[in-house]
Amino acid sequence: MDSRLHMGIRSGVALELEALHKRYGDYVAVESVDLRADPGEFLTLLGPSGSGKTTTLNMIAGFVTPSSGRIQLDGGKIDHLPPHKRNIGMVFQHYALFPHMTAFENVAFPLKQRKCGGAEIRTRVLEALELVGLGDRAHSYPRQLSGGQQQRVALARAIVFRPSLLLMDEPLGALDRQLREHMQMEIKRIHVELGITFVYVTHDQEEALTMSDRVAIFNNGRIEQVGTASDVYDRPRTLFAAEFLGESNSLSVARTCQPGIAVVAGLDVPVRLPEDTQMPAGDGATVVIRPERLRAMPAGLERSPGTNALRGVVQRVVYLGSARRVDVEVSPWIHLSVREQSGMWSPVQKGDAVDIGWHPGDSVLLEQRTAPAIVTGAA
Amino acid sequence: MDSRLHMGIRSGVALELEALHKRYGDYVAVESVDLRADPGEFLTLLGPSGSGKTTTLNMIAGFVTPSSGRIQLDGGKIDHLPPHKRNIGMVFQHYALFPHMTAFENVAFPLKQRKCGGAEIRTRVLEALELVGLGDRAHSYPRQLSGGQQQRVALARAIVFRPSLLLMDEPLGALDRQLREHMQMEIKRIHVELGITFVYVTHDQEEALTMSDRVAIFNNGRIEQVGTASDVYDRPRTLFAAEFLGESNSLSVARTCQPGIAVVAGLDVPVRLPEDTQMPAGDGATVVIRPERLRAMPAGLERSPGTNALRGVVQRVVYLGSARRVDVEVSPWIHLSVREQSGMWSPVQKGDAVDIGWHPGDSVLLEQRTAPAIVTGAA
Amino acid sequence: MALLAPVGLFLLAFFAYPMAKILALSFSSEASGLSLENYVWFFETSVNIKVLLRTFTTAMIVTLVCVLVGYPYAYLMTVVGTRWRALLLILALIPFWTSLMTRNLAWLALLQPSSTIATITRKLGFGELQLLGTVAGVVVAMSQILLPFMVLPMYATLRNIDRRLLAAAEGLGARPSVAFVRVYLPLSAPGVVAGSLLVFVLSLGFYLTPAIIGSPQNSLLSQLIVTQVSRVLNWGHAGAMAMVLLLVTVVLIWLASLATRRNAALTSSGERS
Amino acid sequence: MALLAPVGLFLLAFFAYPMAKILALSFSSEASGLSLENYVWFFETSVNIKVLLRTFTTAMIVTLVCVLVGYPYAYLMTVVGTRWRALLLILALIPFWTSLMTRNLAWLALLQPSSTIATITRKLGFGELQLLGTVAGVVVAMSQILLPFMVLPMYATLRNIDRRLLAAAEGLGARPSVAFVRVYLPLSAPGVVAGSLLVFVLSLGFYLTPAIIGSPQNSLLSQLIVTQVSRVLNWGHAGAMAMVLLLVTVVLIWLASLATRRNAALTSSGERS
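From first to last, the protein sequence lines are chains A, B, C and D. Read left to right, the first sequence gives residues 1029 to 1407 (this note's numbering). Read left to right, the second sequence gives residues 1029 to 1407 (this note's numbering). Read left to right, the third sequence gives residues 5 to 277 (this note's numbering). Read left to right, the fourth sequence gives residues 5 to 277 (this note's numbering).
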């Protein structure tokens, strides 16, 4: 805890990306990315592989030269600086520990490059190892450490020279589930303790939602949406964002004359939308609702006025432990999933006729779907 | 669908393991495992790595010779048979496709060993590839296929010779999350279509709960519990089972004179247990409650009579997208997590005093904890 | 990168220049500048053709012996524990460590008519087994000397074959022997080809062993080349002989690489991950 | 396994027996049975010691030349694209393909006083650069012939060095040159040691190149061994010389393996996954 006095004095700085592009020949890896991380913020770049998030990170670190655009750190342009002059900490996906050096020597490496004295190096390295909970393994070589411990050494090495910005490239990808959850908490703790700016890359939406102050969703080299976890999860702005961040039901709808009301395509059932919704131009649109916002109840029961409802038949009930998923066929082309938390199950079973209801406020109106999200043949 | 006519005629058979042991020198890999899979059942062996589940599977397949015990298939002993005479299908963890053969040749391999005619081989191989959705990739080599497609070829190869038992060793471990969920559904579909007995090994509790008819939980070479998904999740019989299957809160309690009531160790707050609970011998015990069974409400509100309640302070609220987790400190040594599904959040925030309530029926009384479940230093 | 380009060029010259020189020699003649007369001489002299054929036959037999002895050796290395593997590896490498000279000497001593081997074969009733000064003796000595060049590439390939594929084949109904023939053998082919190629080509150029253990009556091409340079002092003839040897070798390698390219590419995914 | 045991034994004999024979020879004498007289002769004859030292010096220089030329070559192979890499690999392998004889011949031709190289050095004002018949000429020719044995193990090591470690070092504040020296160089050490050992040991046993390109005045140990057997017909002397060479070699290898064992074990986890 008192390590904070030594390590955390320097607080985070702002990072700004302006109109960042990266092309490899004809292939556009990153396209006009504008992004700002506030001082001390935990910003996550989330997206599938190949979406440009790692390329963006590498441009910030200096390993990849942008085709155009600007990168500013603490108000100063850093585009022209080589990586070793940027003073940015980075934790690599596969740790990138030096195998011929002990944990101590690994962590001391950045300090030696900065010509620190031997006594100071010793103090600060041990302090950093202590911070990540590895004070007792200073003289182990990387191959003698477990995956989680290697991860901690990499983290200590990235923060020991007190960078004001720390980049992390899927640092937990190689760990198993339980260890990953534990390390998520550790990383959050260190973020709070150091107070520096974190830019974190991951393809795991759970990780992104749990850890971040804000999330930037990448797709095909572009940012689809930036916002807090609940911004992007509850109020996605694109179909991609909605579907990448978790399970979602989508309904094709058509516009009506009445504002705030659409009809389900092919069914002519009205769907109430949140009051401030603007129907987009064009004939069709998609309404997205999260499975945990839907309620299933036996068909025919009275329902509260003002809610939306669709009638269907339960096709399958999947037990998930902490919850269950009820898959309902509304029509041959409309399937909805309802997620019910354990202990709050509705009394419906496979084969039952059910009414699916939800509050208008839980609908999100998005652009029309153009291509199917999951093509099973490609799996 | 009409492939069922050809492939599914032979239905599953019963598999019985009796007092199965496997020792390697002093190390006991599997210890007195008794297990039965009913004809056509989907039985999952779930456990952490090194728990003996894969060794058990290899003994069934014949790759590992048991130190003692019996293996019966369809009522007949198969212990003495070499692997190639057992007629059991197996899908390996890393697929184990023959790299010098096309998908077609791979799937045809078991039929050739059984001296089938060329025309029959052709029909059945294409049928099997069709069943797994790869009819169009028959002439691709494994390296030309994606991970998911290789997985499908391995599956087709394991079922093409109509085994009455199919073993799968973490078949989805190498795939990414979205593909894994898709393949889970595919495997379930094939299970239903073929009607043969499946024995499935995994360390992923979600996979086990979602897919299985029954789950056998392995730990340190022994079976801790066997039962349906809801048996093992809602009514775990050991602390290990409770903690391996998902998040759980545990409270150390001491016995009281009153039946069905225990007191929280160090707090003297009474905890009601399910009515039929027997206090175990010894002074202490542990009460386990799933986070989604707890309710948080602002302190001081009236609560329904007969429920349990503990008062604490909210330390942290973690947003998870489809839910949120409220971490509450009841006392310096008692921390509880409450999981609230999205849309059903209680009006509590970080720093608030809260009452945590739950139904007595949601408590599970287990043996006293002897060793901590997660040692952070080891991570 | 820019710095490395001149280094690369220098090295290219270092490797390629000596070869170019031999090529030039083979087309030179005493009288005129450029001529084919050395090649004409080579193919018109019947003893040259005879020696060329004998050289190739010897190399082929040596390769075959090395495959037959080296495959089980390399296989053994993949199945034993680490201690035994280390021992076998050291044994296979000893010939690298001991100079070529020493080994030729050892074989010369072993193949003397008074040696243990000769005594044993005599006692066993095989009669006088004449090895010294015969092609058979040369083949035996060359095989031992070249065996490491067979074992090492083979081992490198066999080591990477995923043994779980054998288990998979057995689980699918193949007897262990069938699993070996249908799965293991095809996957080991690239190693066999690489080792064979290496041993074959090295055999073609052997001088010392046939010179010491063989006899002038059954000499190989290398000896003829040395004779041309050191006794007849005819550089052109020697150059032509070297070029013919090189050309035939390159063609053989090219054919072998054509045959195995497809196989090798496919096998790459069969390696243990 | 049971089937393989006899095969293993046979192979062991095949590799070890020739060596045992030489050992026996070295302790034999014309008069009595077992004696040390061959070793006494070896160390009492001053020319033997001189040749032994010259042999080791030559081998060391050849090794050094190969390291200096081979390292950039192997490094180049790891950074270029697949096409260039294939070309470089083929170039490095050409010496394997062309027989030893052919290459020696090439160097003999190149080093003639009338050759291009000699002409160039003369024109450049270096005066008469005498290479043929000198140790310098032998070193140049041996280095080229042995270079592949340096390049291949080096490349195998360099290829497995994770280049992201260099990026990591730069990200931590190291200039590219510092990153190379502090990270890449130490990780490449096992390959350098393996290649050096191979080249050094092979140089020790070279006969053909020094015999053709060198002169009798500065002959190496292999030539002395041949002389003992073929002219003096003294098997015991030859055996003792071979054993001394072998013993020194084994001691050197043992020392090198001691020095690198720790290093090599640590480096294994530095390989790309």
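Hints were generated in silico from the structure; no laboratory data involved. No experiment lies behind these values; they were computed from the predicted model shown. Beta carbons: idealized from backbone N, C-alpha and C, even for Gly. Be careful, since some hints might not be right.
Pulled from the structure, derived: some chain C residues nowhere near chain B, Cβ distances all over 12 Å [as the list claims (entries may be wrong)]:
{"no.": "1", "residue": "Tyr21"}
{"no.": "2", "residue": "Tyr43"}
{"no.": "3", "residue": "Leu68"}
{"no.": "4", "residue": "Tyr79"}
{"no.": "5", "residue": "Ala90"}
{"no.": "6", "residue": "Ile94"}
{"no.": "7", "residue": "Ala140"}
{"no.": "8", "residue": "Val187"}
{"no.": "9", "residue": "Pro220"}
{"no.": "10", "residue": "Ser223"}
{"no.": "11", "residue": "Val230"}
{"no.": "12", "residue": "Asn238"}
{"no.": "13", "residue": "Gly240"}
{"no.": "14", "residue": "Val248"}
To spell it out: a stretch of chain A is covered by chain D in this simulated footprint if at least three of its residues, at any positions, have a beta carbon under 8 Å from a beta carbon of chain D; those stretches are [as the list claims (entries may be wrong)]:
{"no.": "15", "region": "1132-1141"}
{"no.": "16", "region": "1331-1338"}
Short derived list, chain D residues pointing at chain A, Cβ under 10 Å [claimed, not checked]:
{"no.": "17", "residue": "Asp166"}
{"no.": "18", "residue": "Ala172"}
{"no.": "19", "residue": "Gly177"}
{"no.": "20", "residue": "Arg179"}
{"no.": "21", "residue": "Pro180"}
{"no.": "22", "residue": "Arg186"}
{"no.": "23", "residue": "Pro190"}
{"no.": "24", "residue": "Ala193"}
{"no.": "25", "residue": "Val197"}
Open item on the list: Of the numbered hints stated earlier in the document, which are not met by this structure?
Closed with: Hint check: 8, 16 and 25 fail, others pass.
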